[in-house]
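Trainee: Listed here are the chains, written in short residue letters.
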Amino acid sequence: MFEYTPYSSQLASGYDEITTKKNLDKLNIDNVSEAKPFTIALLSDTHVHYTDLKMAVDAINSRSDIAFTIIAGDMSDQGMEKEYMLLYDQLKRLKQPLLTVIGNHEYLANAATIYQKMFGPANYSITYNTYKFIFFDSNFWEKNGSPDFDWLDDELTATDGAIPILISHIPPFGDQYDTTSTRIHRSLTSGSQVPLSIHGHIHRYSYNNYFGDGTNYLVVPSLEKRELCLVTFDAGKITVRRERF
Amino acid sequence: MRRLKLITAILMLSIICSAQKTLLQQLSPHYVQAQFAGNIGLLSLGAGYNLFKDHVHVSILDGYTPAGLAGTGVNTIAIKASYDLITIPIENKRAVAYSGLGCNFETTGKGFYTSLPDRYADGYYKWSAVHATFFLGAKLQVLMKKRTNQRLEFYAETGTVDSYLYYYATNPGLRITDMFSAAIGFSYQPGKRQQVK
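Sequences listed follow chains E and D, in order. Just so you know, the first sequence maps onto residues 0 to 244 in numbering that gives the first Met the number 0. Just so you know, the second sequence maps onto residues 0 to 196 in numbering that gives the first Met the number 0.
Don't take every hint at face value.
[What the hints assert, rightly or not] Some residues of chain E that are not near chain D, with every Cβ distance over 10 Å (derived):
#: 1; residue: Phe37
#: 2; residue: Ile113
#: 3; residue: Tyr209
#: 4; residue: Glu226
#: 5; residue: Val230
#: 6; residue: Thr231
[Said to hold, decoys possible] Ranges between beta-carbon positions, derived for each pair:
#: 7; chain 1: E; residue 1: Asp15; chain 2: D; residue 2: Ala120; range: 51 to 59 Å
#: 8; chain 1: D; residue 1: Pro189; chain 2: E; residue 2: Lys20; range: 43 to 51 Å
#: 9; chain 1: E; residue 1: Asp147; chain 2: D; residue 2: Arg118; range: 18 to 26 Å
#: 10; chain 1: D; residue 1: Phe104; chain 2: E; residue 2: Val31; range: 50 to 58 Å
Hints were generated in silico from the structure; no laboratory data involved. Just so it is clear, CB atoms sit at the ideal spot from N, CA and C, and this is done for glycine as well.
Input sequences plus hints: build the corresponding full structure.
Mentor: If you want it as structure tokens, here you go:
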């Protein structure tokens, strides 16, 4: 009823039903360690396109083959509390678990506090099936600092035989990486043989072996392109499909 | 000649002084105001002027949202201009419905942009430190001294900011009521002082 500033990070109670922790718990219930084919849905850069988001959620909910959904960051425009509340109204309708990674827009104004309350930590991982999904905060400028490459190194080293899949908002060839940071990032991923690296930020779809080092980089298009990326993991084979909604 | 210059200077000075007195009198605000919420802080304090035969009111307010409510403390300076739409006199009171426009400037807080640092490409981020506002309200004026127009005023209003209206306009299916929030406040007008004869 009362608003003190659009940049509040107070967040009323009831906006903590889709936290990363809750979703990881849900995912762990039917998690298996043996190889079993599964598909995930990917969205990115949802910003303030709430009608498109509603359509995307409907499209994901209408499918029966989605194990979980990932949003590759940038879920606001100006870091306003209202933006996250409108986002939440749609995301809470997802039937399957949702996992998110933090984008640069999540560092505007007081949005990082909102992100922490609504979703959770910036860096985390889950081993699902025979894959280890590593969610990595790759933002530089808005944090006035570097991503935690030591954490990424530890996560990529301790895979316990699982195949590492990296998810971060800004790709290592994105605007916020300088030459040194790109070199550090690549030295970690190429050493651990990451077959798939999932990103957003660029707003345009691309899927290629960007550095020619065996890691395929998938850039998920921004939400307003009304395109869902579906990735199927089947006995070590990774297939990427695009579907309009 | 010297004397003439001196007299002219004294005359000029006295004219300036008397003009300044009138100017100061003219510039002194007509009322002081305090507001709770309404996107200009937990509490905002300010002052304002009645213009166009008391139909238009322009206030300048400075509000603050403490860090406990916003992550980092946010200071907001707001200019509000309202227009009285309907006035109903009730004995020594007046009930007024009004609408208005405003402009909010976030002067402190993290990551607010009015111009982007050089490393960012054009349009990387939208302006976030300046917002236009729109509000509708009702106020009750209690006339304490009719002769001097000394009065106390209580108001309640509902308002929104430009970005919220943009989301509403560009996303069919959103509820307009979700874009508005409430504010309450009061103002005190000491009224015109009596001329000392």
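Trainee: All hints, please: hold or fail.
Mentor: These are the hints, each one checked on the structure:
1. For E:Phe37, the shortest C-beta to C-beta distance to chain D comes to about 32 Å, beyond the 10 Å cut-off, and the non-interface label holds.
2. For E:Ile113, the non-interface assignment is contradicted: its Cβ lies about 8 Å from the closest Cβ of chain D, within the 10 Å cut-off.
3. With a minimum CB-CB distance of about 20 Å to chain D, E:Tyr209 clears the 10 Å threshold, and the non-interface call stands.
4. At roughly 18 Å from the closest C-beta of chain D, the C-beta of E:Glu226 stays outside 10 Å, upholding its exclusion from the interface.
5. Non-interface call for E:Val230 relative to chain D: holds, since the shortest CB-CB distance, roughly 28 Å, exceeds 10 Å.
6. Under the 10 Å C-beta cut-off, the non-interface status given to E:Thr231 relative to chain D holds; the minimum distance is some 31 Å.
7. For the pair E:Asp15 and D:Ala120, the beta carbons lie near 35 Å from each other, so the given range of 51 to 59 Å is not met.
8. Here the CB-CB span from D:Pro189 to E:Lys20 is close to 57 Å, at odds with the stated 43 to 51 Å.
9. The given range of 18 to 26 Å is respected by E:Asp147 and D:Arg118, whose C-beta atoms sit roughly 21 Å from each other.
10. The hinted window of 50 to 58 Å between D:Phe104 and E:Val31 holds, with their beta carbons roughly 55 Å apart.
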